[in-house]
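Undergrad: Here is what each chain is made of, one letter per residue.
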Amino acid sequence: MSNPILETRNLTKIYGQNIIFKDINLKVNEGETIVIIGPSGTGKSTLLRCINLLTANEGGQVFLDGQEITAKNYNEDKVRQQIGMVFQNFLLFNHLTALDNVMIGLLKVKKMSKEQARQKAMEELKRVGLEDRASHYPGQLSGGQQQRVAIARALAMDPRVMLFDEPTSALDPELIGEVLGVMAQLARDHMTMLVVTHEMGFAREVADRIVFMEKGSIVEEGTPDELFYHPKNERTREFLWKITELYGKKEKEQSATA
Amino acid sequence: MTEFFEFFIRILPDLMKGAGVTLLLTAEGLTAGFILGLSASLARTYANKFWRGLAVGYIEIFRGTPLLMQLFLIYYGLPGLGITFSRGLCAFLALSLNSGAYQAEYLRGSLLAIGDDQMMAGRSIGMSRVKTIWYVILPQALRLAIPAWSNEPVSLLKSTAVVFLIAVPELMAKAKSIAAQTYDPIGTYIAVALVYLAMVYLLDAVLRWMERASRIPGFEMEGKKA
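Residue numbers (the numbering used here), protein chains in the order written: chain A, 7 to 264; chain B, 7 to 232.
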């Protein structure tokens, strides 16, 4: 087995008295899509934020390409250029057009020339199918379009790994498909992705591995087949049963319209 | 009525000289106050304990005491410590320090409203804190601040009247001497009121234009749904 591109060792996060998660060991290989599932409040989102250092950890290490990025004095701005992130609420820069949202990192962080940055940003917008919306402001775009711009913004930095924090949870049902479509294409292009989501259809079809987290620890991980059809753990079985019950109907409707 | 009109025309050139000084004091105080206020609001929102404490102290002291007292302390008090400034400089210092404290609070409000989310978004693409504040948070916070901040230029314009007490030749000082010369205080002060009203009206027009020009398409901050 090759060396993992991203690895957490005993990663632990504590807020005051609350243990958010403890001793998380996760390995992500290059080109892999890993989906993290689990009940709300089990620290999945916080885990992503600890991985790209947006939140400090209370123990453990994170390695990117074998380098410990949690080491003291490691340049965290450099780390975040290599680990892209997509948020639940899009978090586009509201005062900038779609194109400028994608360009700003290229200009101010990568110090590209304006012309180069524009070209690259347009390519990324094309990749998410929004080149014709380049001059729109976030307030003029639908939620699904905003999220795709946010994906383009992260991709523009040429990250080694992409983190998705419930990217479709804030979307109207009819807009979820376009975002999942872009993500599935990314997975086919062998982008390394770590995705927190409740979209079980996406998890089953796109994930190479699924990680089931509950109460701050990893309960079980395996291929979609293993988890969906042969879960070893009783809790995994219960959770998946509940969530397919909840979301199954919606997915059927989606696939019917797709 | 025609009598007043003739009187008004007669004293207008003198009043305009005073009004010029008033506008200059307002512009200077507003600009210096903006720089001070912006620094103080950024320090209070983002800086470490030391700078935050300094900013809070400055804001509380200058918002919590009368402008006139601040002016007198600078003009009459500082010479006691061996520091003497010209009248004009004293007026400028008092007005900018006072305005800065108010502007800091207007700006801080909108910095907080833009919030941690935009900071996180900026950091997530590898921008430093400072860059995120400069390129992401400030452009939005300044726009957001305009409606509330628009009170400050108008309020400051009228506050400049107090500096006539240290004999800076602005509009009120002119008015006082004209009233004494013409023995017509009522006519004089009504004329002065009209000049102040005209200045405030113009200022308001400029501020409304600023608000319109800085609007972000599709991003209606006032019309935001609850």
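Hints are supplied without guarantee of correctness; some may be wrong.
The list that follows gives simulated cross-link-like pairs (lysine-lysine, DSBU-like), each with its CA atoms no further than 35 Å apart [said to hold, decoys possible]:
(1) B:Lys55 with A:Lys28
(2) A:Lys221 with A:Lys238
(3) B:Lys55 with B:Lys182
(4) B:Lys137 with A:Lys114
(5) A:Lys248 with A:Lys238
(6) B:Lys23 with A:Lys116
(7) A:Lys84 with A:Lys132
(8) A:Lys84 with B:Lys164
(9) B:Lys55 with A:Lys117
(10) A:Lys126 with B:Lys137
(11) A:Lys28 with B:Lys137
(12) A:Lys33 with B:Lys137
(13) B:Lys137 with A:Lys132
(14) A:Lys248 with A:Lys33
(15) A:Lys78 with B:Lys55
(16) B:Lys55 with A:Lys114
(17) B:Lys137 with A:Lys116
(18) A:Lys84 with A:Lys28
(19) A:Lys117 with B:Lys182
(20) A:Lys84 with A:Lys116
(21) A:Lys120 with B:Lys137
(22) A:Lys120 with A:Lys248
(23) A:Lys126 with A:Lys116
(24) A:Lys78 with B:Lys164
(25) B:Lys137 with A:Lys84
(26) B:Lys137 with B:Lys23
(27) A:Lys120 with A:Lys84
Simulated from the structure, these hints should not be mistaken for lab results.
Undergrad: If a hint holds in the structure, say so; if it doesn't, say that too.
TA: Hints, one by one, checked against the model:
no.	hint	in the structure
1	B:Lys55 with A:Lys28	holds, 31 Å
2	A:Lys221 with A:Lys238	holds, 18 Å
3	B:Lys55 with B:Lys182	violated, 47 Å
4	B:Lys137 with A:Lys114	holds, 8 Å
5	A:Lys248 with A:Lys238	holds, 16 Å
6	B:Lys23 with A:Lys116	violated, 53 Å
7	A:Lys84 with A:Lys132	holds, 26 Å
8	A:Lys84 with B:Lys164	violated, 51 Å
9	B:Lys55 with A:Lys117	holds, 32 Å
10	A:Lys126 with B:Lys137	holds, 21 Å
11	A:Lys28 with B:Lys137	holds, 33 Å
12	A:Lys33 with B:Lys137	holds, 32 Å
13	B:Lys137 with A:Lys132	holds, 27 Å
14	A:Lys248 with A:Lys33	holds, 27 Å
15	A:Lys78 with B:Lys55	holds, 22 Å
16	B:Lys55 with A:Lys114	holds, 28 Å
17	B:Lys137 with A:Lys116	holds, 13 Å
18	A:Lys84 with A:Lys28	holds, 26 Å
19	A:Lys117 with B:Lys182	violated, 59 Å
20	A:Lys84 with A:Lys116	holds, 10 Å
21	A:Lys120 with B:Lys137	holds, 18 Å
22	A:Lys120 with A:Lys248	violated, 50 Å
23	A:Lys126 with A:Lys116	holds, 12 Å
24	A:Lys78 with B:Lys164	violated, 54 Å
25	B:Lys137 with A:Lys84	holds, 14 Å
26	B:Lys137 with B:Lys23	violated, 44 Å
27	A:Lys120 with A:Lys84	holds, 21 Å
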